[in-house]
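Undergrad: Chain by chain, the residues run as shown.
Protein chains: 2
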Amino acid sequence: MTETVVLKLGGSVITDKSGECAIDHARLHEVAEELAVRRDSALVLVHGAGSCGHPEARRYRVNDGLTGENVPGVYETHAAVSSLNAAVVDALRDAGVEAIGIHPLDLALAQDGRLVSFETRHIAEMTEHGIVPVLHGDVVMDRLRGSCIVSGDQLVTHLAAALASRRVGLATDVAGVLRNGSVVPRIDRSIVKTLDVGGSGNTDVTGGMQGKIAELLALADAGIDSHIFHVSKIGRFLDGTGHGGTIIGRGMP
Amino acid sequence: MTETVVLKLGGSVITDKSGECAIDHARLHEVAEELAVRRDSALVLVHGAGSCGHPEARRYRVNDGLTGENVPGVYETHAAVSSLNAAVVDALRDAGVEAIGIHPLDLALAQDGRLVSFETRHIAEMTEHGIVPVLHGDVVMDRLRGSCIVSGDQLVTHLAAALASRRVGLATDVAGVLRNGSVVPRIDRSIVKTLDVGGSGNTDVTGGMQGKIAELLALADAGIDSHIFHVSKIGRFLDGTGHGGTIIGRGMP
Numbered sequence: 001m002t003e004t005v006v007l008k009l010g011g012s013v014i015t016d017k018s019g020e021c022a023i024d025h026a027r028l029h030e031v032a033e034e035l036a037v038r039r040d041s042a043l044v045l046v047h048g049a050g051s052c053g054h055p056e057a058r059r060y061r062v063n064d065g066l067t068g069e070n071v072p073g074v075y076e077t078h079a080a081v082s083s084l085n086a087a088v089v090d091a092l093r094d095a096g097v098e099a100i101g102i103h104p105l106d107l108a109l110a111q112d113g114r115l116v117s118f119e120t121r122h123i124a125e126m127t128e129h130g131i132v133p134v135l136h137g138d139v140v141m142d143r144l145r146g147s148c149i150v151s152g153d154q155l156v157t158h159l160a161a162a163l164a165s166r167r168v169g170l171a172t173d174v175a176g177v178l179r180n181g182s183v184v185p186r187i188d189r190s191i192v193k194t195l196d197v198g199g200s201g202n203t204d205v206t207g208g209m210q211g212k213i214a215e216l217l218a219l220a221d222a223g224i225d226s227h228i229f230h231v232s233k234i235g236r237f238l239d240g241t242g243h244g245g246t247i248i249g250r251g252m253p
Numbered sequence: 254m255t256e257t258v259v260l261k262l263g264g265s266v267i268t269d270k271s272g273e274c275a276i277d278h279a280r281l282h283e284v285a286e287e288l289a290v291r292r293d294s295a296l297v298l299v300h301g302a303g304s305c306g307h308p309e310a311r312r313y314r315v316n317d318g319l320t321g322e323n324v325p326g327v328y329e330t331h332a333a334v335s336s337l338n339a340a341v342v343d344a345l346r347d348a349g350v351e352a353i354g355i356h357p358l359d360l361a362l363a364q365d366g367r368l369v370s371f372e373t374r375h376i377a378e379m380t381e382h383g384i385v386p387v388l389h390g391d392v393v394m395d396r397l398r399g400s401c402i403v404s405g406d407q408l409v410t411h412l413a414a415a416l417a418s419r420r421v422g423l424a425t426d427v428a429g430v431l432r433n434g435s436v437v438p439r440i441d442r443s444i445v446k447t448l449d450v451g452g453s454g455n456t457d458v459t460g461g462m463q464g465k466i467a468e469l470l471a472l473a474d475a476g477i478d479s480h481i482f483h484v485s486k487i488g489r490f491l492d493g494t495g496h497g498g499t500i501i502g503r504g505m506p
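Chains as they are written, first to last, in this note's numbering: chain Y, 1 to 253; chain F, 254 to 506.
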C-alpha cells in the first residue's frame, strides 16, 4: 500500500476571512494543479471553514450546544461550509483529481467538543482506489452539548492517527509558526511554553494557531510529526523537499 | 423519549423513473406539508434514488465493484442522488421541517453489498433536537468489491433496528404489495413463497419489490413490523389510522 498523506488547506488560504463565504477560486485552482501532477501517494484532504461557516457558527453559537432556539444553526453552518467543500471538490475534479466530498456532520459523534466516533475505513478504501476524500471543519452532533464545532485541525489529527499517516501537512497563509517575525523550525512540548503565538484576528471559533499547535502536539505524542508551511510550498511538501516551515514533533526523550 | 418513526419515500414516488433525474417537486411539496403538520414523533426520512443515480449506477456498474476504469462512477452516482436529496431537504425546510441531508457514502462501510458499519447515534441525537435526518439510497465503499449500492430499503431496515423504531413505513406509488391487482394485507415468511411479485419495469439496481420484501422480512425477524402503502396515505400512517396497504411482520409462532 502507498503512503497516505493527510493535507489540510487552512480556511484563510481558500477564503477571504474578512468577507462572508468569499471563496478564493483562483487559489483553489492553483492548489488543484499542484495536487493533480503529484498522484503517487494516497491523499486525504481536509480544509478549514474560513469565512464559510465560521460566521454562522458564531451567530447561532452552535459550539456552545443546542438550546432549542439555535437548532437551525446546525443546518445553516453546515450548508455554508458544504458550499465551500463543493467548490474545493469542483476545482480538484476540473484539474483531473478524483475528489469526493465527505461531510463530518454525516458521520461524526462528539462528546464535549471531541470526536468519539468517526469511521475512517471507508476513507481508506477510497484512497486505495485513487479517490481523494475531501473533508472539512464542520458542526457535528455532540452527545453532551447537542452540537459542537470540529475543526479541520482536529480532523487532521484524527485521520492521521486512524490512517497511520507518516506525512501530515498544513498549508496556511503564513510561512510557518512565527516568533518575532521568524519561522520557528521545530516545536515540541519542551519549547512550546516559551512561544508567544498570537490568535487569529478574524472570525474563528476553533482556536486559531494555538488550537492548531495543541492538536498537532497531541499527534506528535502518538509519534506522528506534522508540517506547517505556506500554501505556495505544497508541491515541495509533497515532494519531500524543504518547505521552510515548522515541524511539530515529539521532544527528545 | 418520543417514538422514532422511520419513513421511506420510494424513488418512484418523488421522481419520474422514465426520465433522467426528473424530480417531482410538486409531490415533494405535498409530502413536506403532510410531515410539517405532524411533528409529535421523532422522524427519520429515507428516500430512494429513482431516476437520479440509478442510470449512473447502471452505466458505471458501481454495484459490481471498482475496476479502475469505473471509479468516476462513484462520484457521478453519488452526485446525482445527492442532488435529489438536496431537493427533498429544500422542500421540507420550505414547509418548516428542520431537515438535514445525510449521505450514506460519507459514513457507510459495506461488505459484499451489506452494511457492516453505519453509525446512527448522531442520527438519534439529531431527532432528539427536532432535526429530521434525510438519508438516501447511495453508492458506498465496499471492502470486498470496492463499491456497491445500498438501497433505501436496506437503510430503512438498518435504521429501524439501530434506532429501535416501532413505526416503519414505506410510501410507494402503489397501494401496497399487490397480488392479482389486490393489496395483500399482511405478509410473513410463511406466505411470501406463495406470492408472485413482479419486478420494477424501470431502471432499478436494487431489486424492486422483491428486494424490498426480503429486506422487510429480515426486519420482521427482528420483531419490527413495517408498512407499505400509497404515498397519499402518509398522513394516515403517521396518525396510526388505516392506510389500506400491506403490513410485513413476523409469522405466527
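Derived from the structure by calculation, the hints contain no laboratory data.
These figures come from a predicted structure and were not determined experimentally.
Treat the hints with care, as some may be off.
As the list claims (entries may be wrong) - Just a few of them, taken from the derived set where beta-carbon distance is under 8 Å, the chain Y residues facing chain F:
| hint | residue |
| --- | --- |
| 1 | S18 |
| 2 | C21 |
| 3 | L66 |
| 4 | V71 |
| 5 | H78 |
| 6 | G113 |
| 7 | S117 |
| 8 | R121 |
| 9 | H129 |
| 10 | I131 |
| 11 | L144 |
| 12 | R145 |
As the list claims (entries may be wrong) - Residues of chain F placed beyond 10 Å of chain Y at every Cβ, according to the derived structure:
| hint | residue |
| --- | --- |
| 13 | N316 |
| 14 | Y328 |
| 15 | D347 |
| 16 | E372 |
| 17 | A414 |
| 18 | L431 |
| 19 | L448 |
| 20 | Q463 |
Unchecked claim - Negatives, chain F to chain Y, calculated, CB over 12 Å:
| hint | residue |
| --- | --- |
| 21 | R346 |
| 22 | R374 |
| 23 | N433 |
| 24 | R439 |
| 25 | G495 |
C-beta: ideal position from N, C-alpha, C; glycine also.
Undergrad: If you check each hint against the structure, which ones fail?
TA: 1, 2, 6, 11, 12, 14, 16, 21, 22
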